[in-house]
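K.L.:
Sequence:
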Amino acid sequence: MVNTISPPVLYQVQFLAGLGHIGADAPLDRTARQRILQRRDHSSGLRWIWASDGEVPPSAVKTGEGCYLGRAFHVGSVTPGRVDPEKKACCIPWGGDEQLKSVYEVLCTDGEFVPVTPDSTEGLLKATTAGISEQGEPLFIGRVWCDGQWISGKVQRSHGVCYIGYRGKEMAFAEYEVFVGVGEPLQDEHFWVNNVLSIPQDASQFESCHVGRARHRNSLLPGTVDLVKLQCHVTWNSEGFSKSRFQYLYNCQGRFVPTKDDHIPVGAVQGGFSEFGEPLFIGRVQVGMKLLVGKVQPSHKVCYVPMFGGELKYSEYEILVLDL
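Under this note's numbering, the first residue of the sequence shown carries the number 6, and numbering increases by one thereafter.
Treat the hints loosely; a few may be bogus.
[Claimed, not checked] For each label pair, taking beta carbons as the anchor points, the in silico distance ranges come out as:
id : residue 1 : residue 2 : range
1  : 262       : 235       : 24 to 30 Å
2  : 313       : 90        : 23 to 29 Å
3  : 44        : 201       : 21 to 27 Å
4  : 265       : 313       : 23 to 29 Å
[To be verified] Keeping only pairs whose Cα atoms sit at most 20 Å apart, straight-line, the calculated PhoX-like set for lysine-lysine is:
id : residue 1 : residue 2
5  : 318       : 295
6  : 93        : 234
7  : 234       : 248
8  : 318       : 265
9  : 306       : 265
10 : 306       : 318
11 : 92        : 174
Calculated directly from the structure, the hints in this document are not laboratory data.
None of the values given here were measured: they were computed from a predicted structure.
No residue lacks a Cβ here, since even glycine has one placed at the ideal position from N, Cα and C.
Turn these sequences into a full structure, and let the hints guide you.
P.N.:
Below, the structure written as structure tokens:
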């Protein structure tokens, strides 16, 4: 079933995407991949909302019977697939298997599907980027008719097929449909600004705390802003670190809501990523009289916050979500 065709439009599409030729010998680093994908999402108007455990926002785009278009982080990639509420996961194809990811993003921008066959690949020129491989190659949303239903997955042009995850396996199809978004370019709902000698006037404040983030050991970590020392306190590997170079969360219209373990509510705000590329979210706990901001790492099922130069962890915490 695996097809090895290489569409003649591949190199033209990569050139139009500003990538040139991307192969296994030229991987993009994690930060570059994230920035490229974010830039493409904004320019193409695709809006993605974080969720977990089969939940979806009201504006989620349906695909097939009872499923929705989604994507998830896996081994350095952001791979398109389908959110299946019954499985409480986003099902993505990767490495020969169907991977079930409990934390994922849901597409909330409409579009249309256009057909692609080995003899007619023009639809690939219209396709909207929706993911990125671990090597930096753009990935697209595809769907195939399988067992009487539409099942969505990823299109990887260098492979010449659409992959879907189905019944535990990764399956490849040479004939499929590819997604073309119809959204307008997005404006940032919230963004991050570098710290200065004073607090930015519109820096997002939630009760008595400001949200910051800082780099450490190839990770980008959400943390607590110290308004006196103008530092951001973050945690990593059971230790606390105070960073003078950091960013403030700016213009964020949201609120903290209670959650626990690895449940990421619909609309959660991503605050950074681990050294392995795992998305990190913005958590908060009350320790004594202090509200402390830290990182939520879903694979660890806790929120880590900095305290007295160390790291505290909580399985019950609050997490920042957008007002959708």
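K.L.:
Each of the hints needs a verdict: does it hold here or not?
P.N.:
Hint-by-hint comparison with the structure:
1. 262 x 235: 24 to 30 Å: With Cβ atoms ~29 Å apart, the hint holds.
2. 313 x 90: 23 to 29 Å: Taking Cβ atoms as reference, residue 313 and residue 90 lie about 43 Å apart, which means the hint is violated.
3. 44 x 201: 21 to 27 Å: With a Cβ separation near 25 Å, residue 44 and residue 201 satisfy 21 to 27 Å, so the hint holds.
4. 265 x 313: 23 to 29 Å: Cβ of residue 265 to Cβ of residue 313: about 24 Å, so the range 23 to 29 Å holds.
5. 318 x 295: holds, 15 Å
6. 93 x 234: violated, 44 Å
7. 234 x 248: holds, 10 Å
8. 318 x 265: holds, 12 Å
9. 306 x 265: holds, 8 Å
10. 306 x 318: At roughly 10 Å apart (the allowed maximum being 20 Å), residue 318 and residue 306 satisfy the hint.
11. 92 x 174: Satisfied, since the Cα-Cα distance of roughly 15 Å is no more than 20 Å.
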